[in-house]
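Participant: As they're listed, the protein sequences go chains F and W.
Heads up, the first sequence is in my numbering, so the first residue is 1 and it goes up one at a time.
Heads up, the second sequence is in my numbering, so the first residue is 73 and it goes up one at a time.
I should point out that these hints are in silico values taken from the structure, not numbers from a laboratory.
On a predicted model such as this, the values are computed, not experimentally measured, just so you know.
Wrong hints could be hidden among the right ones.
In silico EDC-like cross-links for lysine to aspartate or glutamate, where the CA-CA straight-line distance does not exceed 20 Å [as the list claims (entries may be wrong)]: (1) F:67 <-> F:33; (2) W:174 <-> W:137; (3) W:174 <-> F:52; (4) W:159 <-> F:33; (5) W:184 <-> W:214; (6) W:183 <-> W:219; (7) W:183 <-> W:75; (8) F:67 <-> F:52; (9) W:159 <-> F:16; (10) F:66 <-> F:52; (11) W:174 <-> F:33; (12) F:66 <-> F:33.
Derived list of chain W stretches under chain F, where covered just means 3 residues or more per stretch with a C-beta under 8 Å from a C-beta of chain F [stated by the list, open to error]: (13) 145-151; (14) 155-162; (15) 165-171.
Glycine is no exception: its CB is placed at the ideal position from the N, C-alpha and C atoms.
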Amino acid sequence: MVDRMIDDPATAATSEDPVTGLRAVRSLRELADRLETLQVARARQLGLSWQEIADALGVTRQAVHKKHRKEL
Amino acid sequence: MFERFTREARAAVVGAQEEARTRGARQIETTHLLAALLRSSATAGAVTAAGGDVQALVRTPDHGDLDAEALSAVGVDLDAVTAQAEKTLGPGALARSARSPKHLPFAREAKKALELALREAIRLQDRSIESRHLLLAVLRAECSARELLVRHGTDLTALRSTLETPQPRSA
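Okay, chain F solo, but in the shape it has when bound (with noise of 0.2 Å):
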């Protein structure tokens, strides 16, 4: 499979490859994670609260503070 994207690089983009789906995967999970950790950091020093943050994420309030309090 290496050979065949080595072959013709311009393939291994748009194909339907599941090795690239996956690591589409991945890297949308890496790109999510990035985002979080900065965008609640910036509503942190805009001065938003851990409810309002907690609220627009989706999850408790316990669970944002836990996982980004020492990040701050």
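Using the hints provided, position chain W relative to the given structure of chain F.
Facilitator: For chain W alone, coordinates are given in the frame of chain F:
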């Protein structure tokens, strides 16, 4: 296993870790090893001679665990997301927010490449593992760094034969 590595080869391994860290990766990949290897003029020269675009190889944006190509396959433009994030969250925001552990482990492919470097040295009857053995190992492994070399115009057969011949120190 590093006792047989030359000073230069050791520097490449350490450099690979630095590359991985600055790119916000959680593991050291073969692409990080390649980037570190290309810092040395001898290795970079061999790649250039084989038609590889070293500038492009070093410049290739690498967002660690963020695979731009895979994301584009599902319709997400990572460059656009990065630009937008930096606009509100500051320069380098996305790379900065990656959780990079103190000690980065080698990814499976990279571990394999290090093992293959030893085998390349043995095959060529060299006593120590040099940078060129590391690059030969990258060429032998079915890895993302090899793929990257091909994408940037490197003739792998030509590169292999250059690397198999010991180069003069002046290179």
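Participant: Now tell me if each hint is right for this structure.
Facilitator: Here's how the hints hold up against the structure:
A C-alpha spacing of about 11 Å is found between residue 67 of chain F and residue 33 of chain F, which places the hinted pair at or below 20 Å, so the restraint holds. As the CA atoms of residue 174 of chain W and residue 137 of chain W are separated by approximately 16 Å, the hinted pair is consistent with the 20 Å bound. With a C-alpha separation of about 33 Å, the suggested pairing of residue 174 of chain W with residue 52 of chain F is violated against the 20 Å cut-off. For the proposed pair residue 159 of chain W and residue 33 of chain F, the alpha carbon gap of about 18 Å is at most 20 Å, so the pair holds.
A hinted pair counts as satisfied when its Cα atoms are at most 20 Å apart, and residue 184 of chain W with residue 214 of chain W qualifies at roughly 10 Å. Distance hint between residue 183 of chain W and residue 219 of chain W is fulfilled; the C-alpha atoms sit about 17 Å from each other, no more than 20 Å. Taken as a hint, the residue 183 of chain W and residue 75 of chain W pair is honoured in the structure, with Cα atoms around 16 Å apart against an allowance of 20 Å. A distance of roughly 15 Å separates the Cα atoms of residue 67 of chain F and residue 52 of chain F; the hinted pair therefore holds under the 20 Å criterion.
Of the pairs offered as hints, the one joining residue 159 of chain W and residue 16 of chain F is violated, with about 33 Å between alpha carbons and a cut-off of 20 Å exceeded. The suggested pairing of residue 66 of chain F with residue 52 of chain F holds, with an alpha-carbon distance near 15 Å, which does not exceed 20 Å. Distance restraint check for residue 174 of chain W and residue 33 of chain F: the Cα-Cα separation of roughly 19 Å lies within the 20 Å cut-off, and the hinted pair is therefore satisfied. Distance restraint check for residue 66 of chain F and residue 33 of chain F: the Cα-Cα separation of roughly 15 Å lies within the 20 Å cut-off, and the hinted pair is therefore satisfied.
Evaluation of the coverage hint for the segment 145-151 of chain W: fulfilled, as 4 residues show C-beta separations to chain F shorter than 8 Å, against a requirement of three. Check on the segment 155-162 of chain W: 3 of its residues sit with their Cβ under 8 Å from a Cβ of chain F, so the three-residue criterion for coverage holds. A count of 5 residues in the segment 165-171 of chain W with a Cβ less than 8 Å from any Cβ of chain F is obtained; the coverage claim is therefore met, three being the minimum.
Of the numbered hints listed earlier, those contradicted by the structure are 3 and 9.
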